[in-house]
Amino acid sequence: MTSEQVLQELHPIFQKVFSDPGLQVIREMSAKDVKRWDSLTHLNMIHEVETYFGVRFKLKELTGMKNVGDMVDLIVSKKS
Amino acid sequence: MDMLYSIRQAGLADMHFVAQGILEAERGASGPIPWCALFNIPEKAFSEIVLEILQEDIAGQEWCLSQFWLLEASATPSAGLSAWIENESGQSSALLMSTLVYHFISDTQRTEAQERLKRLRQLQLNRSPGYLQLESIFVQPDCRGKGLAGQLIESVLQHFKSLHPDLPGAEIQLSGENQAALKSYVKAGFIQVSKAEYSGNFQDIHEVYPGHSKILLRKEFNI
Numbered sequence: 001m002t003s004e005q006v007l008q009e010l011h012p013i014f015q016k017v018f019s020d021p022g023l024q025v026i027r028e029m030s031a032k033d034v035k036r037w038d039s040l041t042h043l044n045m046i047h048e049v050e051t052y053f054g055v056r057f058k059l060k061e062l063t064g065m066k067n068v069g070d071m072v073d074l075i076v077s078k079k080s
Numbered sequence: 001m002d003m004l005y006s007i008r009q010a011g012l013a014d015m016h017f018v019a020q021g022i023l024e025a026e027r028g029a030s031g032p033i034p035w036c037a038l039f040n041i042p043e044k045a046f047s048e049i050v051l052e053i054l055q056e057d058i059a060g061q062e063w064c065l066s067q068f069w070l071l072e073a074s075a076t077p078s079a080g081l082s083a084w085i086e087n088e089s090g091q092s093s094a095l096l097m098s099t100l101v102y103h104f105i106s107d108t109q110r111t112e113a114q115e116r117l118k119r120l121r122q123l124q125l126n127r128s129p130g131y132l133q134l135e136s137i138f139v140q141p142d143c144r145g146k147g148l149a150g151q152l153i154e155s156v157l158q159h160f161k162s163l164h165p166d167l168p169g170a171e172i173q174l175s176g177e178n179q180a181a182l183k184s185y186v187k188a189g190f191i192q193v194s195k196a197e198y199s200g201n202f203q204d205i206h207e208v209y210p211g212h213s214k215i216l217l218r219k220e221f222n223i
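From first to last, the protein sequence lines stand for chains A and B. Numbered as in this note's numbering, the first sequence ends at 80 without a single skipped number. Numbered as in this note's numbering, the second sequence ends at 223 without a single skipped number.
One chain only, chain A, in its complex shape (with noise of 0.2 Å):
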């Protein structure tokens, strides 16, 4: 998988987990830029992404992202 391939499979799942149909997921994204991204919905998130993509992260990955390009390249490591 790309990088603009994973990021393009982000979007349904970051509108139906942040209850936005609109939001466009870009890689510099982080949880300041959305409304409803707080401590319960970055859980539903990570457990959604996760179940999507068939990977599981890290503790120390997932306290390392920074924002949503992070993920991206760690979904793309994992899948290659």
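Careful, some of the hints might be misleading.
As the list claims (entries may be wrong) - Cross-link-like lysine-lysine pairs, in silico, BS3-like; alpha carbons within 25 Å at most:
no.: 1; chain 1: B; residue 1: Lys118; chain 2: A; residue 2: Lys35
no.: 2; chain 1: A; residue 1: Lys78; chain 2: A; residue 2: Lys35
no.: 3; chain 1: A; residue 1: Lys16; chain 2: B; residue 2: Lys195
no.: 4; chain 1: A; residue 1: Lys35; chain 2: B; residue 2: Lys146
no.: 5; chain 1: A; residue 1: Lys32; chain 2: B; residue 2: Lys195
no.: 6; chain 1: A; residue 1: Lys66; chain 2: A; residue 2: Lys79
no.: 7; chain 1: B; residue 1: Lys118; chain 2: A; residue 2: Lys32
As the list claims (entries may be wrong) - Here are some chain B residues the structure puts well away from chain A; computed CB gaps all over 12 Å:
no.: 8; residue: Glu48
no.: 9; residue: Ser199
no.: 10; residue: Pro210
Since the hints were derived computationally from the structure, they do not count as laboratory data. Since this is a predicted model, take the numbers as computed values, not measurements. Beta carbons are placed, not taken as given, at the ideal position from N, Cα and C, and that holds for glycine.
Got chain A; can you put chain B on it based on the hints?
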């Protein structure tokens, strides 16, 4: 004769003392630990999760062992607190905490906690990026009433101010119903800057939180 106190950072040998302090701080005055009610886990299992999270030592959130400061009387830890600068690592402490908890609970526990977590959302207060955060403040039961928490807070504030001269201030979050703690923090120079109140049935929120309101206190350093 006055007791001599010293202050130091926590180390590996303090892990169980710190974990016990976290449990006491979480319990507050209400008895049951809110996290246990939230995820429907017994206190012993929660205690083990706290120990595992402390072992990970993830900076930027409240349950990080190396961010704990202890006040000792005669070389015996008597009080402690967690201190960190919010968002210094690029992630908020709330997200780091939820990530850590997510890692140590089962999918079933996470799913079953959804409704209870939604109740807590009403009490969410955002910490200010760049501000020093003080959390999990606890004093050993037999050492209470001696102003130890105040001494520890003041020492930690001085330490961080000398280390980070541009630090704008410090914040503490607590239950709005914890009047005793509120009084001591106000005495230490903190003022209330925001408050979140639960709008539903108080019994619903009391199942998962020791109160029905939450307060954010702040102490500005440069005024």
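Regarding the assertion that Pro210/B does not contact chain A, is the least Cβ-Cβ distance greater than 12 Å?
holds (18 Å)
### Message
If I take the minimum Cβ distance from Ser199/B to any residue of chain A, is it greater than 12 Å?
### Response
holds (17 Å)
query = Straight-line Cα separation of Lys118/B and Lys35/A no greater than 25 Å?
reply = Holds, because 15 Å separates the two Cα atoms, which is no more than 25 Å.
Please verify whether Lys66/A and Lys79/A have alpha carbons no more than 25 Å apart. holds (20 Å)
Given the hint that Lys118/B pairs with Lys32/A, does the C-alpha gap stay at or below 25 Å?
With Cα atoms ~19 Å apart, Lys118/B and Lys32/A stay inside 25 Å; holds.
Is Lys35/A within 25 Å of Lys146/B, Cα to Cα? Roughly 44 Å between the alpha carbons, so the hint for Lys35/A and Lys146/B is violated.
request  = Take a quick look at Glu48/B and tell me if its Cβ sits farther than 12 Å from every Cβ on chain A, holds or violated.
outcome  = holds (16 Å)
- Item | Pair hint outcome, Lys32/A versus Lys195/B [Cα-Cα no greater than 25 Å] | holds (21 Å)
Q.
Lys78/A and Lys35/A were given as a pair; does the straight-line alpha-carbon distance stay at or below 25 Å?
A. The given pair, whose Cα atoms are some 29 Å apart, is violated under the 25 Å limit.
(Q) Given the hinted pair Lys16/A and Lys195/B, is their Cα-Cα distance within 25 Å? (A) It is violated: about 30 Å lies between the C-alpha atoms, which goes past 25 Å.
Checked against the numbered hints above, the structure breaks hints 2, 3, 4 and satisfies the rest.
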